[in-house]
Amino acid sequence: MTNALLTGANASTDVPLKRRLRRAERTRQVKALALVLPLLLFLLFTFAGPIAGMLWRSVEDWEVRQVLPQTVAALANWDGKDLPDENAYAALASDIMAARAAGTIAIAAKRLNYALNGFRTILTSTGRNLKAVPEPGTAKETLGKINPAWRERATWTTIKDASGPITGFYLLAALDLTRNADGAIVAAPPDQAIYRDIFLRTFLISLGVTALCLILGFPVAYLLATLPPGRSNLLMIFVLLPFWTSLLVRTCAWIVLLQSKGVVNDSLLWLGIIDAPLRLIYNRFGVCVAMTHVLLPFMILPLYSSMKAISPAYMRAAASLGAPPLTAFLRIYLPQTLPGIGAGSLLVFILALGYYITPALVGGAADQMISYFIALYTTETANWGLASALGAVLLLATVLLALVYGKLVQGQQVTGGMKN
Amino acid sequence: MKAGMVTPAPALVRFSGIQKTYDGEHLVVKNLDLDIRQGEFITLLGPSGSGKTTTLMMLAGFEVPTHGEIYLSERPIKNVPPHKRDIGMVFQNYALFPHLTIAENIAFPLSVRKSSKAEMQERVSAALRMIKMETFAHRRPGQLSGGQQQRVALARALVFNPQLVLMDEPLGALDKRLREQMQLEIKQLHETMGITIVYVTHDQSEALTMSDRIAVFNDGIVQQIDRPDALYEHPVNSFVAHFIGENNVLAGTVETVERDYCRVALAGGGTIAARAVNVSGAGASTSLSVRPERVAIVRDGSASEGPNRLPAKVQNTIYLGDHALAVLEVAGNAEFMVKLQSGAHDGLKHGETVFVTFRPEDCLALDPV
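These protein sequences, in sequence, are chains B and Y.
Here the first sequence stands for residues 301 to 720, numbered as in the working numbering.
Here the second sequence stands for residues 695 to 1063, numbered as in the working numbering.
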């Protein structure tokens, strides 16, 4: 008995305490991991995977590499200062012959056309008019005759830029930038430079909607947190009601309300406040109204939960210490709701950034947000590279915001540990 | 119902005919008249729901009286908002602002009064010195223990020199030892600073320890206002006798009343001489109150002559360190308690029959329970 106790004590001193703790905790950790594993796998396949795929597509450049492999190889050592040598022309001619046989010219033509408008015609006409592989030494002349564009340096730099396997072309385009013939990064031509404006518009609309949600949601959340339970539950149902209705239905309801022969305009006309219907929809106003309505609960709920945690004793204490109601609110109440304001604003802002269907339905052409263009490039023009690049830029901006918020909240928690 | 002594100092606070109802049906406070003197420590004592906290909240300005008026320094304050009353308050859960440091918390009443920076600094550090927490100035309330938080709350309520400080069960959340220590500290602060304190508690020993006067609340009515010793020795009715200290109750009927004393026939048999405190006359039912420490146990029913001697059956003895309790059955009361010196309980055996005896002046005839 005594011996057993002694050896037991010895054994425990041999193994460091930390390792023994880890051993003891291991079973619990394994169990915890097993519980979250299904969701983890699900997220990996449906969320992390697609995002990684999107990020890869935004820099991937495979079309030219696959369709014109010999040309890509021949241009590998080209300095880009003069026209490439005869070898490159011969490689191109042979690639085009092969691609025509395989029917893949259009793939490369589409990619090259993004970079240089009209390239599609150059490539397809060459493909059509090139009867046979040119005699050695005559490739340059033959191609130049079929299409004079082959005598221009820009045509060849475009092919070299698109040779992959990785390109910054799409990401630059998403930021209204491009490379000129010398490879320097310059502003894109005005007719293609639309994305900065769209990003700015997306951020401004999101910011406006966030501000509207905060202004409208704060008093409601305050009421929810301070009313007696019976009435606050009823109010909570009204707040949550939008969650139980389809987004599409709610958006369409706004069309019914706001259109020129809609409920709002008819009422105003009938009351004699206006003479002609106001333009309330298919413009920025309609977008902001509909999005605010849809996103309001996401602001109210975090605000409510942060306000619920504030004991009414704080306001009483402030009053007893001599603070008038407004001072007490600004110095005692408001600072304690900051985590809620931050969480609600971030949630609404990030959700608003990705909004697609509501602006598409109630906005005009000048009110479409970045998601609309991402959807357009994915589904309509199948320009996956640009769609992915726009998505990547949006993702980056969102992640940066979330990080900034995280830093702020962390600071807040250090400064304001709630007790009571 | 009368004040224990003649008022020497002017009343700082006067409740005049105060009534309060929340639902329009039941009065939480029924017709309260109460004077609080300058510089005194008065405790509102009572069970929960007795109206003591409501009274305090009306004085602080967080509740409005349904009827009547409250005067602070002879000025009616019914319509003065809380922040203009110049009354410091310490709350049950401290209510320290969690997003401010200890120093900022204490400086808050000064900064809303637009004190100069230098003055603020000086008074905050004086307040921190007073509660012996100078090193905690830049901590947050969440990093402090309950006792430390309560000290800070105290300093914050005192730092702007209010004419009146209210305390709403401030020690309720602390453990016993800390509570007793804080009681002495608060009492000391009261004495050194000469402030007026209105203190609310349901703990009678806390009230007895700290107060100059105690107002015993029950059912929305002040049952008695008096000094602690007077409340204990001379309760005016059964409620006060029960609420303050330990108490044995014997039910009976008044047979005769002769000046201050009466004879009472006990419901469980026997006759007792008692002080007539709150009885209407011969024939009225009464409940007798005897403190456990005023009762003696004797073995022999005839040895010492006295008017009050009752047979008792020993039920149990409880050893409590500095003293012991004997639980006896006396005249139908199976929980009649007698306080004994430690060791004196040894001889008592369960089921043994002894006698209890007490002086008529220690036995109070009060209103029936």
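Hints listed in this document are in silico derivations from the structure and should not be mistaken for laboratory results.
All values derive from a computational prediction rather than experimental measurement.
Using N, Cα and C, we set each Cβ at its ideal position, and we do this for glycine too.
Take these hints with a grain of salt, some might be off.
What the hints assert, rightly or not - For each label pair, taking beta carbons as the anchor points, the in silico distance ranges come out as:
#1 Leu872(Y) - Leu696(B): 51 to 57 angstroms
#2 Gly836(Y) - Leu523(B): 25 to 31 angstroms
#3 Ala702(B) - Leu872(Y): 41 to 47 angstroms
#4 Glu798(Y) - Leu355(B): 42 to 48 angstroms
#5 Leu317(B) - Leu1014(Y): 21 to 27 angstroms
#6 Lys707(B) - Ser819(Y): 47 to 53 angstroms
#7 Leu523(B) - Ser710(Y): 33 to 39 angstroms
#8 Asp717(Y) - Leu696(B): 56 to 62 angstroms
#9 Arg319(B) - His1017(Y): 39 to 45 angstroms
As the list claims (entries may be wrong) - Not everything, but these chain Y residues come out facing chain B in the computed CB check (under 8 angstroms):
#10 Asn787
#11 Ala789
#12 Ala924
#13 Ala1028
To be verified - Straight-line Cα separation of at most 25 angstroms, SDA-like style, residue types lysine to any residue; simulated pairs:
#14 Lys808(Y) - Met615(B)
#15 Lys772(Y) - Arg616(B)
#16 Lys608(B) - Tyr716(Y)
#17 Lys778(Y) - Gln732(Y)
#18 Lys772(Y) - Asn855(Y)
#19 Lys772(Y) - Pro612(B)
#20 Lys778(Y) - Tyr633(B)
#21 Lys445(B) - Leu430(B)
#22 Lys431(B) - Arg400(B)
#23 Lys808(Y) - Tyr633(B)
#24 Lys707(B) - Glu798(Y)
#25 Lys778(Y) - Thr526(B)
#26 Lys410(B) - Ser394(B)
Comparing the hints with the structure gives:
1. Leu872(Y) - Leu696(B): 51 to 57 angstroms: holds (54 angstroms)
2. Gly836(Y) - Leu523(B): 25 to 31 angstroms: holds (28 angstroms)
3. Ala702(B) - Leu872(Y): 41 to 47 angstroms: holds (44 angstroms)
4. Glu798(Y) - Leu355(B): 42 to 48 angstroms: Cβ of Glu798(Y) to Cβ of Leu355(B): about 46 angstroms, so the range 42 to 48 angstroms holds.
5. Leu317(B) - Leu1014(Y): 21 to 27 angstroms: violated (44 angstroms)
6. Lys707(B) - Ser819(Y): 47 to 53 angstroms: The hint (47 to 53 angstroms, Cβ to Cβ) is violated, given that Lys707(B) and Ser819(Y) are roughly 33 angstroms apart.
7. Leu523(B) - Ser710(Y): 33 to 39 angstroms: Hint holds: Cβ distance 37 angstroms, inside 33 to 39 angstroms.
8. Asp717(Y) - Leu696(B): 56 to 62 angstroms: For Leu696(B) against Asp717(Y), whose Cβ atoms are near 59 angstroms apart, the range 56 to 62 angstroms holds.
9. Arg319(B) - His1017(Y): 39 to 45 angstroms: Given a distance of about 55 angstroms, which is not inside 39 to 45 angstroms, the answer is violated.
10. Asn787: It holds, given that the least Cβ distance between Asn787(Y) and chain B is near 5 angstroms, below 8 angstroms.
11. Ala789: Hint holds; Ala789(Y) Cβ to chain B Cβ min 4 angstroms, cut 8 angstroms.
12. Ala924: Because about 32 angstroms separates Ala924(Y) from the closest Cβ in chain B, which is outside the 8 angstroms limit, the hint is violated.
13. Ala1028: violated (44 angstroms)
14. Lys808(Y) - Met615(B): Between Lys808(Y) and Met615(B) the Cα gap is close to 19 angstroms, so the pair holds against 25 angstroms.
15. Lys772(Y) - Arg616(B): The hint holds at about 17 angstroms.
16. Lys608(B) - Tyr716(Y): holds (24 angstroms)
17. Lys778(Y) - Gln732(Y): holds (19 angstroms)
18. Lys772(Y) - Asn855(Y): holds (22 angstroms)
19. Lys772(Y) - Pro612(B): Holds - the C-alpha atoms of Pro612(B) and Lys772(Y) are around 22 angstroms apart, at most 25 angstroms.
20. Lys778(Y) - Tyr633(B): Satisfied, since the Cα-Cα distance of roughly 19 angstroms is no more than 25 angstroms.
21. Lys445(B) - Leu430(B): Roughly 10 angstroms separates the two Cα atoms, so the pair holds.
22. Lys431(B) - Arg400(B): holds (11 angstroms)
23. Lys808(Y) - Tyr633(B): Judged against 25 angstroms, a Cα distance of about 20 angstroms means the pair holds.
24. Lys707(B) - Glu798(Y): holds (24 angstroms)
25. Lys778(Y) - Thr526(B): Measuring from Cα to Cα gives roughly 24 angstroms; hence the hint holds.
26. Lys410(B) - Ser394(B): With a Cα-Cα distance of about 19 angstroms, the restraint between Lys410(B) and Ser394(B) holds, given a limit of 25 angstroms.
The structure is inconsistent with the numbered hints 5, 6, 9, 12 and 13, although it conforms to all the rest.
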